[in-house]
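Visitor: Once you have looked at the hints, place chain P on chain A.
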Amino acid sequence: MTTTAPTAPTGGAAPTGTPPSTTPRGRGPFRKKDTAGGSSGLLFVLPFLVFFGLFLIWPVAHGLWMSLTDSSLALRDTAFVGFANYAEAFGDPDVWRSLGNTVFFTLITCVPLVLLALAMALLVHSGLAGQWAWRLAFFAPYLLPVTVVTLIWAWLYQPELGFGNQLLAALGMEPVGWLSDESVAMWSIAALTVWWTIGFNFLLYLAALQSLPEALDEAAVLDGAGAWRRLWSITLPQLRHTTVLVAMLQVLASLKVFDQIYILTKGGPNGTTRPILEYVYDVGFTGYRLGYASAVSYVFFALVIVISIAQLRFFRTED
Amino acid sequence: MSSSPPAPRPRPAFTPPPPPTASVSRRGLLRYGMAGAGAALLASGPLTGCASPAASAEPSALSVWDPFQGGDGMLMDDMIKAVSTGRDAFTVDRTILEWGPSYYTKLAMSAAGGRASDVAVLHLSRLAGYAPGGLLDPFDLDLLAEFGCTEADFTPAVWKRTQHQGTVYAIPLDVHPFIVFYDRDAADKAGLLDSSGELAPMGSPEALLDAGKALAKANGGAGILFGHVNDPAQTWRLFAALYAQTGSAFTLPEGGTARIDIDAANRVVTFMQQLFDGKTNPNNLDYYGSVATFIGGRGGMAMLGEWELPTLRKSGIPLGAAPFPQVFDRPAVYTDSHSFVLPHQADPDPARRREAHRYIARMLSQSLTWASAGHIPAYQPVLSRPEYGKLRPQSSYADAGEVAVLDPPNWFAGAASNFQNRMCQPLQAALLGNIPAEKAVRQMVREANTLLQQPNPVA
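Same order as they appear, the protein sequences are chains A and P.
Residues in the first sequence are numbered from 1 upward in steps of one, following this note's numbering.
Residues in the second sequence are numbered from 1 upward in steps of one, following this note's numbering.
Same shape as in the complex, but just chain A (with noise of 0.2 angstroms):
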């Protein structure tokens, strides 16, 4: 009952703590000048905007048009075509395959990328001998290259000389088509991802731990909670924005997914591990059609998009 307390002058806190900052703004005299200042301010992010228009801007507009075109990396001449390579796209069976690829592949990383880096992050946390050591395991090899990661795990999934095989060989076990077998070759890679890139989130949750105040922990233990009361209804709880950022942030990841499965694989075996955005390089690229490219990219976007703002929303109704 009295793990409410602490909560309740906070609550009251806030309503009493907000009048003085809106009425007296007081500034009325200056607020003319404060406008007209306004086009010196401009100058000054001036740097910032043309770098953000040069690169993101005019690159999305120009995406844009250009997925309306039959544009080519190897022609000039262009031509516009209105939506047909909208049309096209969405009757492209490899759009849709390479689409689900990518969702596949964020489905199954995103899960174990946050429930595990939580569960290490506790870990350290609870006072483990030697927490520089495990901090350090868990994050070094985020710092790796993905080209140094995808060539380690490319010899651990060797099918003959690998680790991977060689500890199944010793436990009696069949060898596994790690890389080649069409249901185990994207697992295979969500694992890699995850041994990879679980160090940054991690060290989210880490850094939200040690930052959280011990009163209440320390309350609730002279009240009789034990450990796993305290992590379920005061730790967890107050992890929660730290839970929304690093899934966000996780989501966003997983769905750009490109670098090691192009490494790794090239989309293979038959096209399994594809994600959508090797499939619009292929297309653009390597296959020198920029327009239908942009086009499929453009339906990823919207995607993301989507996706984006379920989430928010999502997380928003949670709060």
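Possibly wrong hints are sitting among the right ones.
[As the list claims (entries may be wrong)] If you anchor each label on the Cβ, the simulated ranges turn out as follows:
#: 1; chain 1: A; residue 1: F301; chain 2: P; residue 2: P138; range: 38 to 48 angstroms
#: 2; chain 1: A; residue 1: F80; chain 2: P; residue 2: A346; range: 22 to 32 angstroms
#: 3; chain 1: A; residue 1: L107; chain 2: P; residue 2: E98; range: 32 to 42 angstroms
#: 4; chain 1: A; residue 1: Y142; chain 2: P; residue 2: Q163; range: 45 to 55 angstroms
#: 5; chain 1: A; residue 1: F80; chain 2: P; residue 2: E146; range: 46 to 56 angstroms
#: 6; chain 1: P; residue 1: D77; chain 2: A; residue 2: P59; range: 32 to 42 angstroms
#: 7; chain 1: A; residue 1: L143; chain 2: P; residue 2: R354; range: 52 to 62 angstroms
#: 8; chain 1: P; residue 1: D77; chain 2: A; residue 2: F301; range: 38 to 48 angstroms
#: 9; chain 1: A; residue 1: V221; chain 2: P; residue 2: E98; range: 58 to 68 angstroms
#: 10; chain 1: P; residue 1: Q454; chain 2: A; residue 2: P59; range: 18 to 28 angstroms
Just so you know, these hints were derived from the structure itself, not from any lab.
Here the structure is a predicted model, which is why all the values come from computation and not from measurement.
Each residue gets a CB set at the ideal place from its N, CA and C atoms; glycine is no exception.
Guide: Leaving out everything else, chain P in the frame of chain A:
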């Protein structure tokens, strides 16, 4: 470019505020200063970002692009060094680009922009994606003849692929076939060598199957090694070689559908499945895995491109090589060819063009150096030199160029293309036993037809 918005002489950040009477206000000064800085940034960005090869430090230097890294790259360096000394030496500005699909992205872009290098290397199998779209400029055969290089210097099988509508767009430097390497000791023990110590002809699918078993028995490991898992070319190379041996044609007519002999294709894929059964000959190796297994002495034979010769030779195993064995009706070897091309320049300088022709002719005469890495010189006068005959095991497969089979010509086919990658997907699935041969062939035809339906982006 930097001259357009005049940057004021005093540096704005350190200037005291000008007196109110000054014509330029402080704010104006800032504005100009920033605009000037921005313009300077903009000007320096694009210029350093894509300096055109022609505008290199030495204006007379011949700019050349190639995708040769590693051992090949060093040999190319040696050849360039050789033509860069003595009388009429060339000054060459070489750019090495990473090999892979991205090489052809860059080459196409540079040619489409009309500011390409003077000379570039192109796989002959990619010609159909380059010549029709105007990405290459034609060769002047009279000029080449003046420097000692004519049609008669190349095998007909290769020469006929250098043209588009009767015009020559490529001069082959080499032929680089997909061949077999074998362990001489194992092959000897298995009784596969002829009286001269070379690999004896096979002649039938059964003979190759038996050879695999005999090799496996002889060395106690695997018989024939073939790495293909997630490789975007290997299964296609094997299929194309065997399919061509059946005497059937595989063509990709523009605007039509793929023409392929389904029965012959089924026969070939079924044979591939029998050969790589996962017992005698492993069916689940990837490219480097197959090389490593062969180097480790745990396989009697490996089906690889001849370009792996330097790697294999370093391993110290008693190495033999032979053209891809004929198992069906006629000899055929899947191959490709590194060729010199003149990527399109919007405004070529005739003198430089002449130099480019002379350079290519001189480089061909250097191709004995090139042969040391395993490539077969396309230039026949080098091939007939006694020094080449002494190169072992290169001379064992020198005939491969005469029965060369390249990809069916189409804009989307060729080395490092989506076509090869797409053909490999069903073939790999068939070799791994995931789908039957007939289904793999059906998928190949479907993939080819999908590509044929796409609008041609280079014409």
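Visitor: Each hint should be assessed against the structure and marked as holding or not.
Guide: Now the hints, each set against the structure:
no., hint, result
1, A:F301 x P:P138: 38 to 48 angstroms, "holds, 42 angstroms"
2, A:F80 x P:A346: 22 to 32 angstroms, "holds, 25 angstroms"
3, A:L107 x P:E98: 32 to 42 angstroms, "holds, 33 angstroms"
4, A:Y142 x P:Q163: 45 to 55 angstroms, "holds, 53 angstroms"
5, A:F80 x P:E146: 46 to 56 angstroms, "holds, 47 angstroms"
6, P:D77 x A:P59: 32 to 42 angstroms, "holds, 38 angstroms"
7, A:L143 x P:R354: 52 to 62 angstroms, "holds, 53 angstroms"
8, P:D77 x A:F301: 38 to 48 angstroms, "holds, 44 angstroms"
9, A:V221 x P:E98: 58 to 68 angstroms, "holds, 60 angstroms"
10, P:Q454 x A:P59: 18 to 28 angstroms, "holds, 24 angstroms"
Consistency note: the structure conflicts with none of the earlier hints.
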